[in-house]
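Visitor: Listed below, chain by chain, are the residues.
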Amino acid sequence: MTFRDQDNDAQFARLDAYLNGALEESERAAIAQELASDAALRREHDALIRLEEVLRASAKHVPAIDSHAFIAEARRRRAAESPRGLRLVWRRLAAPLAAAAVLALAVTAGLLWSRTPGGAQDATTTSALVTIERGPRANGGVNRAESHALVQVSHAAPDSAAEMGPPMARRTLIVTVAGHAQQPIRGQADEDAGYF
Amino acid sequence: MSDSVNTQSDAADAAEAARQRGLEDAQWVADARTGNQDAFDRLVERYHRRAVSVAYRLLGNAEDARDAAQDAFLRAYRNLATLEDPRRFGGWLMRIVTNLSLNLRRARGRAANPAGDELLMGEERLRTPSGASLSQPGDNPETGELAIAIRRALDELPEKQRVALVLFSIEGLPQKEVAEIMNCTVELVKWNVFQARKALRRALADHLDGD
Chain A
1 MTFRDQDNDA
11 QFARLDAYLN
21 GALEESERAA
31 IAQELASDAA
41 LRREHDALIR
51 LEEVLRASAK
61 HVPAIDSHAF
71 IAEARRRRAA
81 ESPRGLRLVW
91 RRLAAPLAAA
101 AVLALAVTAG
111 LLWSRTPGGA
121 QDATTTSALV
131 TIERGPRANG
141 GVNRAESHAL
151 VQVSHAAPDS
161 AAEMGPPMAR
171 RTLIVTVAGH
181 AQQPIRGQAD
191 EDAGYF
Chain B
1 MSDSVNTQSD
11 AADAAEAARQ
21 RGLEDAQWVA
31 DARTGNQDAF
41 DRLVERYHRR
51 AVSVAYRLLG
61 NAEDARDAAQ
71 DAFLRAYRNL
81 ATLEDPRRFG
91 GWLMRIVTNL
101 SLNLRRARGR
111 AANPAGDELL
121 MGEERLRTPS
131 GASLSQPGDN
141 PETGELAIAI
151 RRALDELPEK
161 QRVALVLFSI
171 EGLPQKEVAE
181 IMNCTVELVK
191 WNVFQARKAL
201 RRALADHLDG
211 D
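So the protein lines, in turn, are chains A and B.
Under my numbering, the first residue of the first sequence carries the number 1, and numbering increases by one thereafter.
Under my numbering, the first residue of the second sequence carries the number 1, and numbering increases by one thereafter.
Please keep in mind that the hints were generated in silico from the structure rather than gathered at the bench.
Watch out, some of these pointers could steer you wrong.
Only some residues are given here: those of chain B computed to face chain A with a beta carbon under 7 angstroms [unchecked claim]:
1. 56
2. 73
3. 194
Every residue gets a Cβ at the ideal spot worked out from N, C-alpha and C, and that includes glycine.
Construct the complete structure from the given sequences, taking the supplied hints into account.
Guide: Here it is as structure tokens:
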């Protein structure tokens, strides 16, 4: 019998277990006895031992390693890892951080500007009941409409026109902010500015 | 009887040495987690030879093997926080080495893969423990027939059988550790090693049969 001629898995398994010391003593003894009397089995046994030797011997062939250089290279790669990680984080966060910074700057500048004398210190935005005068009626009365609106009121120039929006007026309206400040404020507003 | 006692004693010594090694690894991992680079250097020092060797068996190229081992240490360093049992750093690292090597091997493809070619260089060093060269009479010492046959046979093995055989039969790792590295049971490791040996026995029949 040779293993080559017969695909004898069971026999191979027995020999494999025998060589690995995975058999009970009684079974080991039985195989040892068979090996003494069965030349084919002994040939197979020897071939498996040789195979194991070949494999073990190949373990001795390893690439040359300069340990000192390898450890130093590993450390260098780890050191390079941290800045690269930070760069990656920075790339991901840079845009949102920049946007947040610009926003914060704008808010701060706005607050400072609004508190600066001569700036818009006296300006305020309020929700107020706005009376819109659309001009005289044909019967002699005044054409009015009332609405709540956000109105920018300038105390610095109560008598001047309060700016209510971009100068896109299709019609210029006269607005009165009632009950705000010491006296009613009149101004001009754009009907299309969306305030009304 | 005496042999049996010695064997048991050796096994106990090996187990105690492994336990001590695990405790040291755990301490170095803990220190490395706090940013102590010297501690991680010690882990590299302890495992770099095995890492390169395992990668080399799977890739067949020294340069690729060193690179794969370096990559493995870097990945281990990055993911140190995820290691659940720091005493098992060695097995964990070998798993990373194995996976990286197999990925690299798959990526470069077998057609263009000179895997094992370097294993043939210096083939004269492939000798049995008794000192006999594995080359057959008349073989070119640089590319002996048996060495070529071994390389081809290993290359033909299914991936799991190849890994199991490399780790157990060539690197000499315990089956339990191989099972951890391969993320499977010890029984499956045994089965894969058995199948691999059987396949090699068939493939190398002309070289192994002494007639």
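Visitor: Against this structure, judge whether each hint is valid.
Guide: Structure-based check of all given hints:
Interface hint status for residue 56 of chain B: upheld, as the beta-carbon distance to the closest one in chain A is roughly 5 angstroms, under 7 angstroms. At its closest, the beta carbon of residue 73 of chain B sits 5 angstroms from a beta carbon of chain A; the interface hint therefore holds under the 7 angstroms criterion. The closest approach between the C-beta of residue 194 of chain B and any C-beta of chain A is roughly 6 angstroms, which is under the 7 angstroms cut-off, so the hint is satisfied.
Checked against the numbered hints listed earlier, the structure breaks none of them; every hint is satisfied.
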